[in-house]
Amino acid sequence: MRFGFALPNHWGVEDPEDLLDLASRAERAGFASVWVAHHILNAGYVGERLGMKPYWDALTVLGWVASRTERVRLGTSVLVLPYLHPMPLAKQLATIDVLSGGRLDLGVGVGAMPEENEALGVDYHTRGAQADECIDVLKALWADGSASYAGAHYAFEDAVSSPKPLQRPHPPLLIGGNGIPALRRVARSGDGWHPFLLTAEQMEQRLPRLDEELAKAGRSREEISVSLRVEMDTVPTREAAEVFAALGIDELVIALNSGDADEQRRRLDQAASALL
Numbered sequence: 203m204r205f206g207f208a209l210p211n212h213w214g215v216e217d218p219e220d221l222l223d224l225a226s227r228a229e230r231a232g233f234a235s236v237w238v239a240h241h242i243l244n245a246g247y248v249g250e251r252l253g254m255k256p257y258w259d260a261l262t263v264l265g266w267v268a269s270r271t272e273r274v275r276l277g278t279s280v281l282v283l284p285y286l287h288p289m290p291l292a293k294q295l296a297t298i299d300v301l302s303g304g305r306l307d308l309g310v311g312v313g314a315m316p317e318e319n320e321a322l323g324v325d326y327h328t329r330g331a332q333a334d335e336c337i338d339v340l341k342a343l344w345a346d347g348s349a350s351y352a353g354a355h356y357a358f359e360d361a362v363s364s365p366k367p368l369q370r371p372h373p374p375l376l377i378g379g380n381g382i383p384a385l386r387r388v389a390r391s392g393d394g395w396h397p398f399l400l401t402a403e404q405m406e407q408r409l410p411r412l413d414e415e416l417a418k419a420g421r422s423r424e425e426i427s428v429s430l431r432v433e434m435d436t437v438p439t440r441e442a443a444e445v446f447a448a449l450g451i452d453e454l455v456i457a458l459n460s461g462d463a464d465e466q467r468r469r470l471d472q473a474a475s476a477l478l
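With this note's numbering applied, the sequence shown corresponds to residues 203 to 478, in that order.
What the hints contain is simulated information worked out from the structure, not anything from laboratory work.
Just to be clear, a hint being listed does not mean it is correct.
Claimed, not checked - Estimated spans, in silico, between C-beta atoms of each pair:
1. ASP393 to LEU301: 16 to 24 angstroms
2. PRO290 to LYS255: 21 to 29 angstroms
3. ALA321 to GLU433: 23 to 31 angstroms
To be verified - Distance condition first, Cα-Cα at most 30 angstroms in a straight line; then the derived DSS-like pairs of lysine-lysine:
4. LYS255 to LYS293
5. LYS255 to LYS341
6. LYS341 to LYS293
7. LYS293 to LYS366
8. LYS341 to LYS366
Quick reminder that beta carbons are idealized off the backbone N, C-alpha and C, glycines included.
With these hints in hand, go ahead and build the complete structure from the sequences.
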């Protein structure tokens, strides 16, 4: 089993240098990956948590992390696709993948914050369909040559997006979300599933449904990865992590919900000692 560490770019850390230090520390400690979260506005529950404190931009931070690290995978947990136009997004992500030497893991989702959707002018009720189109557009733009697409939300002809990602045909696409629509999206479009904050018992209940959806799409679990984001206290020991491993989960991404950078460093070191 692999272990990742979630950087607290979404917890109001005042100095972004602390995020870069945590990424470097995680790499030195032996974590396989580091991850950033994504929202645009301090709205809804994010606003309640942060007020005016910073929620650092996911892809900007990830680009800097790429320059400060050499080995760890670089994950998004997760990009809220309906908030992002796929054309500039394709270029941003391909650039990070190339500059990092092909280390990007692309976690994506549909979002679950109506207040933010309203402020951004994104229809909350059609966000799933828009995210599906965004995925299709990204894959089309990353394929060799030019791309054309005709959908309800995006349409273009003979568009050339360059650079292409270093990882071919594209960086691993991990579908975020815990519900049945997310499982269907994994089966239809994903290279992996990236659920959030589920216990081993809850994962055990959901995995058969994932297998069902994959079978409907002519696929199997062997073709995808499962990367679960958990709170740090959920897996305090290697023995606890092995319970998840026995279910076929490939990676646990450890998250500490704190904007205290020193506490993040202490707990990262504790997790590394216990798990790695």
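Taking the hints in turn, this is what the structure says about them:
Take ASP393 and LEU301: their Cβ atoms lie about 21 angstroms apart, and the range 16 to 24 angstroms holds. For the hinted restraint 21 to 29 angstroms between PRO290 and LYS255, the CB-CB distance of approximately 27 angstroms keeps it satisfied. At roughly 28 angstroms, the beta carbons of ALA321 and GLU433 sit within the given window of 23 to 31 angstroms. Under the criterion of a C-alpha separation no larger than 30 angstroms, the hint pairing LYS255 with LYS293 is consistent with the structure, at around 29 angstroms.
Proximity of LYS255 to LYS341 is assessed by CA-CA distance (about 35 angstroms); at most 30 angstroms being required, the pair is judged violated. Taken as a hint, the LYS341 and LYS293 pair is honoured in the structure, with Cα atoms around 12 angstroms apart against an allowance of 30 angstroms. Proximity of LYS293 to LYS366 is assessed by CA-CA distance (about 8 angstroms); at most 30 angstroms being required, the pair is judged to hold. At roughly 10 angstroms between alpha-carbon atoms, LYS341 and LYS366 fall within 30 angstroms of each other, so this suggested pair holds.
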